[in-house]
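The primary structure of each chain is shown beneath.
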Amino acid sequence: MSGQPVVEMRGVTKRFGQNEVLRGIDLTVNRSDVVCLIGPSGSGKSTLLRCINFLESYDGGEVRIDGRLIGYRDEATRRPMPGRDLQAMRESIGMVFQQFNLWPHMTALDNVAEALIRVRGLPRATAADRARAMLAREGLTDKEAAYPARLSGGQQQRVAIARSLAMEPKLMLFDEPTSALDPELVGEVLQVMRGLAAEGMTMIVVTHEMGFAARVATRVAFLDQGRIAAEGTPRAVLHDSEEPRVRQFLQTYHERNDF
Amino acid sequence: MKLSAVQEALPWLLHAAVTTLWISVVAIVFGQILGLLVCLCRVSPNRALARFGALYVSFFRGVPLLVQLLLTYDLLPYIGIDVPPLAAAIGTLSLASGAYSGEIYRGALNAIPRGHVEAAQALGFGPVAIWLRILLPQALRISVPSLVNELILLLKASSLISIVGVTELARTSHTLAAQTYRPFETYVTAALIYLAMNLVLSGLGAAAERRLAAAGH
Amino acid sequence: MDFSVYLHYWPKLLSGFGNTLFCWATGALLGIALGFALALLRRTGFAPLLWLLRGVIEVVRGTPFLIQLYLLYDGGPAIGLKLGAMQAGILALGIYGSAYFTEIFRAGFAAVPRGQVEAAESLGFSRLDILRRVRLPAMLIAIVPALTNMIIILSKETVVLSVIAVPELMYQMQSMAAETFAALETIIAMAVLYWLMVEAAARLGRAAELRVTAYLRVA
Numbered sequence: 002m003s004g005q006p007v008v009e010m011r012g013v014t015k016r017f018g019q020n021e022v023l024r025g026i027d028l029t030v031n032r033s034d035v036v037c038l039i040g041p042s043g044s045g046k047s048t049l050l051r052c053i054n055f056l057e058s059y060d061g062g063e064v065r066i067d068g069r070l071i072g073y074r075d076e077a078t079r080r081p082m083p084g085r086d087l088q089a090m091r092e093s094i095g096m097v098f099q100q101f102n103l104w105p106h107m108t109a110l111d112n113v114a115e116a117l118i119r120v121r122g123l124p125r126a127t128a129a130d131r132a133r134a135m136l137a138r139e140g141l142t143d144k145e146a147a148y149p150a151r152l153s154g155g156q157q158q159r160v161a162i163a164r165s166l167a168m169e170p171k172l173m174l175f176d177e178p179t180s181a182l183d184p185e186l187v188g189e190v191l192q193v194m195r196g197l198a199a200e201g202m203t204m205i206v207v208t209h210e211m212g213f214a215a216r217v218a219t220r221v222a223f224l225d226q227g228r229i230a231a232e233g234t235p236r237a238v239l240h241d242s243e244e245p246r247v248r249q250f251l252q253t254y255h256e257r258n259d260f
Numbered sequence: 043m044k045l046s047a048v049q050e051a052l053p054w055l056l057h058a059a060v061t062t063l064w065i066s067v068v069a070i071v072f073g074q075i076l077g078l079l080v081c082l083c084r085v086s087p088n089r090a091l092a093r094f095g096a097l098y099v100s101f102f103r104g105v106p107l108l109v110q111l112l113l114t115y116d117l118l119p120y121i122g123i124d125v126p127p128l129a130a131a132i133g134t135l136s137l138a139s140g141a142y143s144g145e146i147y148r149g150a151l152n153a154i155p156r157g158h159v160e161a162a163q164a165l166g167f168g169p170v171a172i173w174l175r176i177l178l179p180q181a182l183r184i185s186v187p188s189l190v191n192e193l194i195l196l197l198k199a200s201s202l203i204s205i206v207g208v209t210e211l212a213r214t215s216h217t218l219a220a221q222t223y224r225p226f227e228t229y230v231t232a233a234l235i236y237l238a239m240n241l242v243l244s245g246l247g248a249a250a251e252r253r254l255a256a257a258g259h
Numbered sequence: 033m034d035f036s037v038y039l040h041y042w043p044k045l046l047s048g049f050g051n052t053l054f055c056w057a058t059g060a061l062l063g064i065a066l067g068f069a070l071a072l073l074r075r076t077g078f079a080p081l082l083w084l085l086r087g088v089i090e091v092v093r094g095t096p097f098l099i100q101l102y103l104l105y106d107g108g109p110a111i112g113l114k115l116g117a118m119q120a121g122i123l124a125l126g127i128y129g130s131a132y133f134t135e136i137f138r139a140g141f142a143a144v145p146r147g148q149v150e151a152a153e154s155l156g157f158s159r160l161d162i163l164r165r166v167r168l169p170a171m172l173i174a175i176v177p178a179l180t181n182m183i184i185i186l187s188k189e190t191v192v193l194s195v196i197a198v199p200e201l202m203y204q205m206q207s208m209a210a211e212t213f214a215a216l217e218t219i220i221a222m223a224v225l226y227w228l229m230v231e232a233a234a235r236l237g238r239a240a241e242l243r244v245t246a247y248l249r250v251a
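Going down the list, the sequences are from chains S, C and P. Taking my numbering, the leading residue of the first sequence gets 2, the next gets one more, and so forth. Taking my numbering, the leading residue of the second sequence gets 43, the next gets one more, and so forth. Taking my numbering, the leading residue of the third sequence gets 33, the next gets one more, and so forth.
Only chain S is shown next, with the shape it has when bound in the complex (with noise of 0.2 Å):
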């Protein structure tokens, strides 16, 4: 361990019109850390997630990746970093997102391949011997020239996935990548972030998938309001969080699981 958190987050703030979303973030995310980020719809979960890779810009504090400040060139003045920095930046850093957002008009294997070209500035061939290596790993080879519509919405979000990772991100951010599915798909999806878990990637997740947080995160953060209203492990915020909005949340989503 290199001592050297992957992110940090100091009192980040983020409003919208005259909506406070975020409302001072302190969250800390060391290597190999999975961190599952849960709490009720409007929280500020996704904002906070985007926030990471500067989609959503944020308005105070500061989001540091390997101690480096992202999407402002420096804490005082906050003028806009230059957008070459930004994108070296975020090309370590992977997202997947609730709608796949894959391209339609590229086959499953030009999406992989896609950001190898235009980004890494691999030779054509190169990045396609990548992408395919990456779909193999999913066990997508069968797919490889398929368009997005012609797949699955669990094999879209393994693509997504597969897309990600062939960058070879140091932090992958999952942004409810299972909440589009259908239920009979969300299995293949979580498997793959289990297996991604246990090779060490660096994950932040938000999810509802409360039994994937259980198993797979090394740590839990439950948000309300835009504040982290408790973090831990998964048995201190799951189970025996005193924390009332935390044990309500549990509730009703017990009660709707429950049958």
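Source of the hints: derived by calculation from the structure; they are not laboratory data. Cβ atoms here follow ideal geometry from the backbone N, Cα and C, with glycine treated the same way. Keep in mind that the hints are not guaranteed to be accurate.
What the hints assert, rightly or not - Listed next, the stretches of chain P that the computed footprint assigns to chain C, with coverage defined by at least 3 CB atoms under 8 Å from CB atoms of chain C:
| id | segment |
| --- | --- |
| 1 | 95-105 |
| 2 | 124-133 |
| 3 | 192-202 |
| 4 | 226-235 |
Given the structure of chain S, go ahead and fit chains C and P onto it with the hints provided.
Relative to the frame of chain S, chains C and P by itself:
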């Protein structure tokens, strides 16, 4: 750009603009009647009627308006119908407008959720009552923005009737341009008058749309 | 009715048809290029430029093509713009079309799903690569129907060029009608010809649409 030339031309052009405006309004009113009929044909379960509606729309949208106008002028006398040019021009504009409006109404009908009809059927409404109480009121309301757009298109298209001899805004500006040797000033003024009329129309349309939206939606 | 007159006039008619196609194609291409350039300029978000462009587009969309054509051809020399009839006609078609094409492109850009752009951003794509590889393809697919529709509308506007004596099909047909006194036959033939042409173009457009969106369909 000589302002005196504009000043001289303006009264004539404004006078002609009134002609353009009323011709367009009359044509669109007739166009709506034709449009509703065409729409009813197209959605009719009767194959022949539906076929006729489709052919009508395809012809009047497919053939350039100028060709349609000339066709009317040459065809009517040939089959023994003698009407003044103005009437023939308004008739042709109405026929064309009917094709476009018919498609707007058909689109609006398609936009009404099928469930509305099923709910009425379940309550025992007859087909006539469903048309009068459920479908038409909604279709007309959905159509308002497109129809305003259609009126603006028609107002611009009406400039073509100048070519077959109706003295409206385009014709008057063409004559003035030739008489005064000031084509640039004359056409700029004419263009601005068209623009002003269209801006007023689209403003009225936006207001009507807001009223409808406020009235319940 | 006597349709045999066409036999004597076919070379003129053929060249007229060629000119119609030429004016249509170059006018449409010019309109698309201008419209796309305008759409890109509008994306810069520089406020005074936006107002200016909006104003120009509003003027072109709010006035009849015929008046624009007269203004360009008859009024052009007053501001030092001396154009031949066909040049004026093509330029007028291009300017007229650009005001509509630019709206189509603007709507197309707006129709690109935000997530597809975010995916590229999160992978570190440059703005240019995002435009080239994600925004443009997604946009083009979204606008094929509107684009073909506008191109077809322009085909119908080409007949208006006959009023400034561009030797396109309409003009040739009319001069033939004047010489042969066969006005009705001529105009009927014109109507049928344009009807077929527009229908064919519409069908081609639909085929193109099906083709470029093939991969969006499941199986």
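Subject >> Structure-inconsistent hints, enumerated in ascending order >> reply: 2
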